[in-house]
Amino acid sequence: MNITRQSACLGLAGILLAGPALADDAARIRELEKKLERSMQRIDELSAKVQRLEQGATAAAPAADQEARVEALERRVGQLGDGISRRVLEDNTLLRGFADVGAGYSGENNPSFGRGRKGFGVGNLDLYLTPQIGERVRSLVELNFEVGEDGHTDADLERAQLGYAFSDAATVWLGRFHTPYGYWNTAYHHGAQLQTSLSRPRFLDFEDRGGILPAHTVGTWLSGSVPAAAGQFGYDLYGGNAQRIETDAGRRTLNPMAWGRRDSAYTAGFNAWLEPGAVDGLRLGLHGLRSTIEDDAAAPNRTRLAMVGGYGVYQANHWEVLAEYFQFGNRDLSGGSGLHRSRAGYAQAGYAWGAVTPYARLESARLDQRDSYFLSQYYGRSYRRGVLGLRYDLDPRAALKFEFANTDQRDLGAANDRYNEARIQYSIRF
Amino acid sequence: MAIRKTFLAASAFAALGAQADGYVIAHLTVNVAPEEVRQIFTGNMQFSGARRLVPVDNGAVQGDFLYKVVRMDPDRYNAVWTRKAFREGVAPPPVLLSDQEVMDFVRRTPGAIGYVGTNPGSANVILKY
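Protein chains in written order, with my numbering: chain A, 698 to 1127; chain B, 100 to 228.
There may be inaccurate statements among the hints.
[Claimed, not checked] Examples of chain B residues toward chain A, derived with CB under 10 Å: (1) 143; (2) 144; (3) 145; (4) 146; (5) 148; (6) 149; (7) 158; (8) 161; (9) 162; (10) 175; (11) 182; (12) 184; (13) 187; (14) 188; (15) 210.
[Stated by the list, open to error] Footprint (simulated), chain B over chain A, 3 or more residues, beta carbon under 8 Å: (16) 817–830; (17) 844–855; (18) 876–890.
If you are wondering where the hints come from, they were derived from the structure by calculation, not from laboratory data.
All C-beta atoms in this analysis are idealised placements derived from N, C-alpha and C, irrespective of residue type, glycine included.
Just chain B, same shape as in the assembly:
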């Protein structure tokens, strides 16, 4: 009985862990290293070779992504982009509202890179966080 409880608890914990995972996905034309994702989402890297990158935010899981990958809270992230836009004329990433919207956008937009909270299947996964 005790073993079964332990197994159930471990399974539940593993399931929670799986739910907390996120995936950075990109269009097939995008070839970037996982450590470059932070640079892309802070506007320091806007090109991958000759291809203009099109980062897109996912409002459904933005906080988790910013905390784990960009290492910023949303307020600081917005402040960084405000300064970036004010100084360099670079627009911040558009915000989509769900994993499905992000996956659709990334699949059909050359240069696109986004992130989702559910397994994206056969998408081009750049980073799992």
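Bound conformation, chain A alone:
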């Protein structure tokens, strides 16, 4: 009994002592509960706000806008890529060219062409650029410096052609270009180091160096190539100012009339070729040219120039074989002498033993002297020539060539001349 009383007394005393502390805790708990409730409300508000913002952002960017943004992004990436590729292409705009020097002996001696040259000489310095402006714009500019027979250096804007490539099948050029007849004229032209031989066939030489064909045209040129069942097919279609035979330094030669003409005479031509898939390195072609050519005589002679021809080229297995043929059927438009037929051609073959390439060429031109087109031209005389040569490649870009030629110059009457020439040439490309 005593123990029970004591315990009860102690419990009462504890309650009396602990009463104020319990009251404080309850107040703190209520305060905490209130804070927690406010925090929960705040969290709910923030969650709702975030949800509203997310919904708002999605609603503000409808599908069309998103697609536009994606497309814009793709364009930017594409432009970045195009910019990089364009930069690489533009970095390729280098000054390229050819140069050659040499020495020679010519036994030529006749009243028409005089005595041949002997000694050392400077050939050509030919510079060209091919700026790549964008994906489809093409440009080709060529400047040639050469020493004329009077010893002065002449500068010629050989080519100034700007083009646009629609596809592999069609590139349109405008300006002054190498007339795309046959093969040699566009493949080598002033690139002495490119051609195996030292000399060009004379009838295909430049207008002021013995050529009888308009090597340059100022006009427009459509060119292209496409795969065909039998191989690769290519073509050239061109038209421009008709050339004119004019007197320059006492010689009548063809002028491409780069400034335009006062009349409406035009040149037009084509070239079509096939590279058969069955024979690697072979190209076969047909070409034609038509023009109205006038000379600068007091009573000008006018001729309807009509030329057709064919060629074959084989460049593989160490061989290089070239052959071209030109047939003329020119009609006298001013003198009434009718139709005159002439022909010219050459065949050349070379075989490369490592760096050494011996070669041989036969060329011939039978030109009707009643045809004012040939008669008016200083170099429009028939001839035959045989050529033997040796090319030694000091480097893939430098060649040393030795050439011996025997020429039978005709159409000079009693002064027909047969003579030998020996020449050496050192040529480079860069």
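Once you have looked at the hints, place chain B on chain A.
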């Protein structure tokens, strides 16, 4: 023992063969047939549909590629492009110096086509040679 030697020799030969392999790769925008690669690298094919092709040479493995795919030695290849540039105003392919440079260029350049000597992974492989 003999079998093991044979196996090792065969493995080594296979490894050498794998090293000699090359891959012609192209940007995803390029869709060309394997037999067109030679035409592209000799300048006869410059477009794939409306897309202008941008061939790029790889100086690190150029000789192997030219021999196996273009079937030319480097001198003739350069001569072909010199004639192409001289006649048609077409610039030759730029030359990059490593597989990585070619892969980076091809990946980021629409119309690009190049070749590498190592496995290009997920790149658009046109031809394995």
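Evaluation of the provided hints:
1. 143: Holds: closest Cβ of chain A sits about 6 Å from residue 143/B, inside 10 Å.
2. 144: Constraint on residue 144/B satisfied, holds at 6 Å.
3. 145: holds (6 Å)
4. 146: holds (5 Å)
5. 148: It holds, given that the least Cβ distance between residue 148/B and chain A is near 9 Å, below 10 Å.
6. 149: holds (8 Å)
7. 158: violated (14 Å)
8. 161: With Cβ-Cβ at 14 Å, over 10 Å, it is violated.
9. 162: With a minimum Cβ separation of about 14 Å from chain A (threshold 10 Å), the hint on residue 162/B is violated.
10. 175: OK, holds: residue 175/B within 10 Å of chain A, min 9 Å.
11. 182: At about 6 Å, which falls below the 10 Å cut-off, the nearest Cβ of chain A leaves the hint on residue 182/B intact, so it holds.
12. 184: holds (5 Å)
13. 187: holds (7 Å)
14. 188: holds (3 Å)
15. 210: holds (7 Å)
16. 817–830: It holds: at least three residues are needed, and the region 817–830 of chain A offers 3 whose Cβ sits within less than 8 Å of chain B.
17. 844–855: With 0 residues close enough to chain B, the hint is violated.
18. 876–890: Result for this restraint: holds, n = 4.
The structure fails to meet hints 7, 8, 9, 17 from the earlier list, while all remaining hints are met.
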